[in-house]
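For the protein sequence lines, the chains are X and S, in the order given. Just so we're aligned, residue 184 is where the first sequence starts under this note's numbering, counting upward by one. Just so we're aligned, residue -18 is where the second sequence starts under this note's numbering, counting upward by one.
Don't take each hint at face value.
To be verified - Derived, one-sided and incomplete: chain S residues facing chain X with beta-carbon distance under 10 Å:
| no. | residue |
| --- | --- |
| 1 | 5 |
| 2 | 24 |
| 3 | 39 |
| 4 | 50 |
| 5 | 51 |
| 6 | 56 |
| 7 | 60 |
| 8 | 190 |
| 9 | 194 |
| 10 | 196 |
| 11 | 211 |
| 12 | 220 |
| 13 | 221 |
| 14 | 222 |
| 15 | 223 |
| 16 | 228 |
It is worth saying that the hints were derived from the structure and are not from the lab. Computed from a predicted model, the values in this text were never measured in an experiment. Just so it is clear, CB atoms sit at the ideal spot from N, CA and C, and this is done for glycine as well.
Here is how the chains run, residue by residue.
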Amino acid sequence: MAKIQLNGKKILLGPKMTIYNLIKKYKLDKKKVAVEINGKIALKQNFKKIFLKDQDKIEIVHFIGGG
Amino acid sequence: MKKDIFKIANKKLNSRLIVGTGKYKNFIQTAKAINASGADMVTVAVRRVNILDKKKPTLMDYLDPKKIIYLPNTAGCFNSFEALRTLRLAREMGGWKLVKLEVLGDKKTLYPDMLETIKTTKILVKEGFKVLVYCTDDPLQAKKLEDEGATAIMPLASPIGSGLGIQNKINISLIIKQSKVPVIIDAGIGTASDATIAMEMGCDGVLINSAIAQAKNPILMAKSFKNAVISGRQSFLSGRMKKNYFAIPSSPAKGLI
């Protein structure tokens, strides 16, 4: 189990979860989002290689309406 | 006459009107207004995904980034660190290198912090971004941005969302005259005639958000802005008549009965 912070909210994840799994879990399209892990950008090609661990801070962003 | 082509970072744009996608009632209205505006470039913001609502529609469901150019913007960023973080994420999202930078300095006026803006422009240019930069209407700061490699200069007409129109025509004119990169009026335009004035002065384009989104009928206003920008540009290219202090009759005096 891993306790992480996702977009400012504390969540509990099963073991051996990658960023790819996290994106799937929230039904997001990887083409439409960008991910930051502990302040650093996670490259899309590494989503399956990055395992989430306790205390990780994840930010998933997308485009919204703006001026 | 030479064909009037508008290019930003080698991208040919059909419209000199760039439209923001914020403040609309919903995505349907956003898409309709943008379609009516004829714009081929829209600004977008980068924000957290709402993880609690998995079915919530997204902007991309309504505005296809393959059909319209997304211009990621750093709206809401108050320092270089936040702006860089935002645009690097935007680039990672799908290769967006053409971006709009705004680094704000004050919550009440949303005036740009030019020291941070210039510093950030320099870093972004070094990282290969093509940066359209929101700035004050100060010709000196605009020149500094151009020297740092800004792709376009975007001086404010008046504060963001104020609808006050162009407050300092002299400064805007100076910026237009000195700049070798496109000058696009950003922020403060209130109604279509403001956009016409900007274009008649020789601006290369205008960026509009609130004036369209907050109109009672945003779709009709978008159309109005489309026409206003075309009209202003044509008027600029035509070369207006000389101003005279006294009347000059339109009909010949000769043959008067």
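Checking against the hints above, which ones are violated?
4, 7, 10, 11, 12, 13, 14, 15, 16
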